[in-house]
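Assemble the dimeric complex from its two separately framed chains, guided by the hints.
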Amino acid sequence: MDLLTTIEIEAIKLSLKISFWALLWSLPLALGTAWILARHHFPGKFIFDGIIHLPLVLPPVVIGYVLLVLMGKKGLIGSFLYEELGISLSFSWRGAAIAAGIMAFPLIVRAIRLSLETVDQNLEAAARTLGARPITVFMTITLPLITPGIIAGAILGFARCLGEFGATITFVSNIPGETQTLPIALYGFSQVPGGEDSAFRIVIISIIIALSALAGSEILARRMHKHIGSGS
Amino acid sequence: MIKFDVHKQLDTLSIAAKFESQSHGVVALFGRSGAGKTSIINMFAGLIDPDGGHIEINGRTIFNSEAGINIKTEQRRIGYVFQESRLFPHMTVRANLVYGRKHSPSDHSPIDFDQAVQTLGLGHLLAQKPATLSGGERQRVALGRALLANPDILLMDEPLASLDAPRKAEILHFIEIVRDTFNVPIVYVSHAIDEIIRLADTLVLLDEGEVLAVGSVEELTSRVDLWHLTGRYDAGSVIPALIKSHDTKYALTTLSFAGGTLRVPMIDASEGQSVRVKIRARDISLALQKPTGISQINILNGKIREIGTGEGQGDDITPHDINICVDIGVPLWVRITKLSLDQMKLSVGKEVYALIKSTSIDRQSLGKKGPQNF
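Note that the protein sequences, when read in sequence, are chains V and A. Take the first sequence: its letter number 108 is residue 237 in my numbering, and every next letter is one higher. Take the second sequence: its letter number 333 is residue 658 in my numbering, and every next letter is one higher.
Just chain A, same shape as in the assembly (with noise of 0.2 Å):
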């Protein structure tokens, strides 16, 4: 649990910020490059000192400005992934994994090595300095580092950032590994919508080092208002499903959710886990009758919630699209032309077929989602 309210005055930003997580798993704080997110992160391991405020992890206060409570970095029991991995450039990787069990003062049980080493996969680099390390290497070891100096909290500022696409999805992987494994919160910083909607469980919105929202991921990604942040062009919906079942032949995977079942590109994970699809708002088409002979195998019935002004800004919206907003069960966002709009004479309490192209979604976007609230 954190909670987090401070203010700070830096050279260009002026940063007023407050959310509260109850949620054990990750907390992503999400925003455009300048929006505060590192401040904010850097605030929570010490390395900067707000000007005012209180900071709480699992009831555990580690600044409060009017008790004149600040712990020192060193006191703060956190594990910092960095973007670049700043592993220590004379230690072996075994040295820097063991680093901060040495120093880090902890009074839960710790975190088994030879577990964090095998989960992580670092067994056969022990021996090996960080600079004979692969980019995707030296970040495994150094989110090894970090879970193994037992934290209350894991810090991670934007851990893919300086990978290329094959690394970014592999160490994605592993974070979601460490995230189902060892039971640690996570605070996770990026400006990729993408990576939060795989990871995180609740999302802190940044601009200009105020909180616009805070929010489940389904929720926040699904506002049109907060689209100009989380993403237009690849706006959409975040809906919540199961794993129902997986078709060999035909590498599909049938997800459950609470409008219908849905099919998928096939999904590595096992049935019944909790996953999170995201369906962008230009791949759905709509119907006023229930299609037949089409390839899209994804048919999904519901009334209009909500039509969209689409008074279109930005550069990849034009006004003529609008967003439509159909109750399949869940909230789902459609964006279909104005003149579409008009030829289906569509209204709000409309029955409608939204249709869904399977190989639309994108596998990536295809999050599992973590354990929550224990």
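Pulled out of the complex, with its shape left as it was, chain V reads as follows (with noise of 0.2 Å):
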């Protein structure tokens, strides 16, 4: 007897896949994000401050429901992607993998931010008195300075990805191999009688998977604190 079934290695590597390529959207921009946030002062920052918290504080379901409405095939975007470009989100894996970058941005957005503020801007100053450029500053002194604080926002990202259901499912639905997320398929076993056991596997599955991010975070995270040097 194989140790997993089909519908749990698949569910295992969608909830992987939509999770890898949430992140890989959603990093970069919150990375900008939390740069205007933690840098820049203007007018109606608190507004703006405001909507990247939405996914924070609204029901996951109100954000999946717009996205319906928004991505869907006749919705606002999805109908000139789908009719300009073929590509559909609803019903897909890539429209979860939207739904879920979104649910887990502001989780990143803090999490970088925070570093962010940390990060001593005499030193970028001293940086620049060294002859380096912005860019430069940017890619020799903050990055490697708010390293820890990226590797942190990635890691609530991914668990945060891991975990979306309610955006992801009322949004593109429940469809073994494209949109059957973990969560997901542990939400149908426990709607069928007898589902109990398979139910209780996934639940099994989860842990596994969350312990092994967490332990891997924690190694990450101790060699960079042996590399940045602790205190300064």
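There is no bait here: all hints are sound.
Covered stretches of chain A, going by a simulated chain V footprint (3 or more residues, C-beta under 8 Å):
no.	segment
1	398-404
2	413-422
FRET-style restraints, in silico, Cβ to Cβ:
no.	chain 1	residue 1	chain 2	residue 2	range
3	V	His182	A	Asp336	28 to 36 Å
4	V	Leu158	A	Glu381	38 to 46 Å
5	V	Ile180	A	Ile502	54 to 62 Å
6	V	Pro172	A	Ser487	32 to 40 Å
7	A	Lys343	V	Ile348	58 to 66 Å
Derived from the structure by calculation, the hints contain no laboratory data. Beta carbons are placed, not taken as given, at the ideal position from N, Cα and C, and that holds for glycine.
Structure, rendered in structure tokens:
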């Protein structure tokens, strides 16, 4: 007997794939957003800040529904994507990656912003007096110093993506092999009679994945800490 | 060579400062905290933009509001030593030291890495991270990092302020070596007059954002009208001199200066080297005849050039103290009581003997003068 069933393997693969792609698009965007929030002042900043944080405070189903309306084949953005580029987001894993990324976005922004705010800007000024252009200063000083924050944000975001349920099921539904991630599979098993054993197996799988991710992040964080040097 | 003439309105301070320096050595910006020293040095660095005016370093304009020139910080070819070392915490000492070399645009021959490392005694620290360094070591690395960027000018903003006394002396010594070895002009900000007497050639006196006086350290520290800024209690004359000989038996050094010779506590410098001696006005006594059988070994003869009114102000001087300038070849300020003035019937033109205890001359005040005018 195989260790895992086909449905379980598919759900694991899908969960990891969706989380990976969600992080891939949201992480760079979150870095830019965190930079704007940490370093710039402009009128209406608090509104911008509020919009960024909406996924954190709104029920996920609301986000999923808004996505469905906007990104569905007949939605404002979705119709354009479908007719011009032939891309359909609804009922596809791509849509799930969009939904997961949006839900994780404020968490990643917060983690990066916090670490950006602790970077001593005097160090950046010092680098400029030594001849480094702003982009060089960012790459050689700022980025290395906020790497722990970026890693923390990525871990948080990855965990949020793995656990994403409400927005995903509302936007892309529950399609085995396409949008049926671990939480959605678990929900599915819990809704049918005799599904308790299968549901329990998915609970165990989820715990193992979560613990591995935590352990991995801990090892990474220690290595980073050693690299940057304790204190300054 | 430096030309600086800018104005800038800050939150609490209005800066309107103009000064020039022809010499190639150390220009000191001196003033109380809040006088605008750091703002001015940051305008040299391009970290603060002036509202208007112009700044020139070695004939190169780095800021000119009329011509619309404002060279970016990273292209100004400066080396900046900050009060807090500002070393990059994620890099080794070596990576910190070479950071400027990698990025800084420079059109003159680079300063030799090995020579700089050896001069500053950094060889054994190269593999370490800044977090493991002591305060003095950090400032040495910061000094090396600024120097190795091959700057046209070194800017130093109170580089000793966060150090304890022994470390201060150590770093001061290294700054002297850098000044004498590497031939880079230095703008040095400080509120400690002793550091400036040791290091600087040109002194720019600042108060509330304005330049009160510009001149040689000897000239300005000897001006009574500036003593309220340069330090009233410790006020005195700064005299340029040459090392004539050392007396190891008594641990004394004989200096020759325009008015004769002076014996002071032993200085660690070779014969023929030029130094600067600060003699506090309150440490000198006057006599009408050449005294014998006394312990003061420096007895200098001269005529009274000026008698101050002694309208005592401030905390440290009482109205019955009188400042008298005696011409002993150089002007020497002496502080005596009004009672002594009256009893000795002193007047301008009268011949007197100035008595100076060798031990009253602080070894720390014996600054080595840097090489000048090349």
